[in-house]
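Listed here are the chains, written in short residue letters.
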Amino acid sequence: MVMAPDSLLDILREVKDPELPALDVVELGIVREVHATEDHVQIDITPTYSGCPAIRAIENDIVETLTAHGVANVTVRTVYSPAWTTDWLSAEAKEKLRAAGIAPPGPVEVEPLVMLKRAPRAVVCPYCGSSDSVERSEFGSTACKSIHYCNGCHQPFDRFKAL
Amino acid sequence: MTMNTVPELDVAALALDDRTALFEYLLRIGDDRLVLGHRLSEWCGHGPILEEDIALGNIALDLLGQATRALELAGETEGAGRNADALAYFRETVQFRNVQLVELPRGDFGYTIARQFFFDAFSIYLMDALQRSTHAELAAVAAKAVKEERYHLRHSSEWMLKLGDGTEESHDRVQRSVNELWRFTGELFQGDDVDERMGRLGVAPHPSEIRPLWNNVVNDVLTRSGLARPTEEFFVRGGRGGLHTESLGHMLSEMQIVARSHPGAEW
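Chains as they are written, first to last, in numbering that gives the first Met the number 0: chain A, 0 to 162; chain B, 0 to 266.
Looking at chain B on its own, in the form it has when it is part of the complex (with noise of 0.2 Å):
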């Protein structure tokens, strides 16, 4: 992963644009991880069998702890006094920034497992790749998360291999999801003026960078769990600018009626 070695990043000595820049990164890594590790808690007391239910659930909580942490530091480099509660309950659709692939309903569990895949094939080489940002906080976000990704990817790949070789009704289900999600796998390597910002500044790598580490998995476990590896060359974006399905509206709704309803509740 190339990134340029640059001295630690001094976030308070950063021009204005770059700043920005970096409150949209931030916003971008907590997003993807707050909706995916919401859409993953649905599962909790519906899981397909005990362990399963506690699995998800599991990663879950990892995934809302990053996020958690991301927008923590997103607040800061904003600075005008957002917390990680304000950005999670108090901002729009349109204002939040996530790929649209972790916001789709989580369907049945072969479709929230093929998502879940896709999406730890990507970031657990994220995660390691900032690791090395000039960016110290988020690269102990990233440290951190690395360790957690080992086991998630090995979890929901273990799943693709025990649905995908499974039986006739596993097959079919978990391919028909992974033909469905497949457009929306693009958008995890799209890369815009934040990412080439990012680069420079050596805090994060240029996300087509994955692509081919991504593919090296995909196509491994696709392959062994005798699943067909779509050939659409169609992907959707606009979820890092605010372009949304109508599923994260609804989704949203559920999880901000809490905090909006009281607002600065504490229990």
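Pulled out of the complex, with its shape left as it was, chain A reads as follows (with noise of 0.2 Å):
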């Protein structure tokens, strides 16, 4: 029989990020395709960053998961074209990022290729809603993140960047 790939995707929704567990793969937009024939199951899948450290974590957890649910003969490749992209999030998903206190990304801009010096965003803390934060750097506890600190409530807290 083959698997209608709707409910492979539901499936699919048990696989957290394991660095961003608040969001499962289909939703941060990793899960790229799903082909699925009468013997065979296919997942392609696409690293956020070059250097993912969680993209095998992720690969072997599709894997397990299909398997426990009974999907035989399970393949999952990595594709690099076209490039992941925040935009891919849901609204649902940003709102699960803010949740779990990550501020979400706003849409990616066109920017100059090269452009040093960047005009500082109010960035929304996702802790006490206010728009009085600084960045702290474009590099935060992930690749996939940057450190701001909000005036208001005077904590710390992650950004996903919009990328």
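Bear in mind the hints are in silico, worked out from the structure with no lab data behind them. Among the hints, erroneous ones may be present.
[What the hints assert, rightly or not] Below, in silico cross-link-like pairs of lysine-lysine (PhoX-like), each with a Cα-Cα straight-line distance of 25 Å or less:
1) B:K161 to B:K146
2) A:K93 to B:K161
3) A:K95 to A:K15
4) A:K116 to B:K146
5) A:K15 to A:K93
6) B:K161 to A:K15
Please dock the two separately framed chains into a single complex, following the hints provided.
Shown next, in the form of structure tokens:
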């Protein structure tokens, strides 16, 4: 029996990003395509960043989760084009990020290739909602996040970078 | 950036000379990023402040990711069954194709930043051009890398400003680093037969085309940082052909020892 791609996607929603357990790999846009035939299932995934250390763990989790649901003969292929973008995050996924204490990314802006100084953004604190915050570093606890500090509630917080 | 507009490259159909040149070119892309990424990773736990420790680690990871993909493609092009790990851990110093700039010991923070800035200002333009490569998989690596390079260049150029326009001590140290590193920057733009073949195949721009773009960014940032652009015209070369400084061998012995002590180990 060929499994419907939608039911495979439903199962894949059980697979979380190990570095962002609030989100699953489908709503993050890491799962790009699902190909199912009579005797084989292939899942195409794409890394968020070139050096994303979670990608192999995600691959294993996908195979294990599908196998546990009785899906046999699963392979996972990593695709690199088109490059992953935060614009693939759904509004629902962004809300989950905020609830987990991570400011969600805004839309990816068209910028010149080389922009050495960027105007500071007013990032809304995910804890208290204040937009009086400062960016501490463009590199955070993982490659996909930057570090900010809220002057309202005096707490540091992460922001998912627009990429 | 001028590249011949020819249809998508069919690697399997390449003549042997072209295929060998493509293998060499992919090693260059991979090795520059592998070696620089490893040098940056040496800062892990030693950064001047926590945010910098994290930033350098993140940039190292991006570079290692780009390197892994380029070396995978190199291995497939070679067709001898070598994967990215085999190429990273089981080649000798003379088989590495990185520019000497990236292998120099990390020095102090200012030295690491100056080297990174020189490399980032080159890499962002190279990756931008490679997005239009006839080599579809390399173009995909570049499309991803160029997003990352924007962050890298902003990071290193902001630090050039802070250090150059900072205290007398920071200014003098970063100026000394700029002067010491200068003679290693020319190799980024030197082309050879491999680059000419890549140009003909539409795979990559000739590196000399990037020099004026690099000059603009470097001149702008050095001027605003209150740093003098060295006037030295002597540039070292040889890394692309496997001629390296003593420091690469030391670095590789550390980088490769676990893989070589336990070949085939998994964890």
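Tested hints:
Pair hint B:K161 plus B:K146 holds up; C-alpha atoms about 24 Å apart against a cutoff of 25 Å. Restraint check for A:K93 and B:K161: the C-alpha separation of about 34 Å exceeds 25 Å, so the hint is violated. Straight-line distance between C-alpha atoms of A:K95 and A:K15 comes to about 13 Å, which keeps the hinted pair within the 25 Å bound. Between the alpha carbons of A:K116 and B:K146 the distance comes to roughly 16 Å, so the proposed pair stays at or under 25 Å and holds.
A threshold of 25 Å between alpha carbons decides the hint, and for A:K15 with A:K93 the separation of about 15 Å falls inside it, so the pair holds. Simply put, B:K161 and A:K15 have alpha-carbon atoms about 40 Å apart, too far for the 25 Å limit, and the pair is violated.
Hint compliance for this structure: hints 2 and 6 are not met, and every other hint is.
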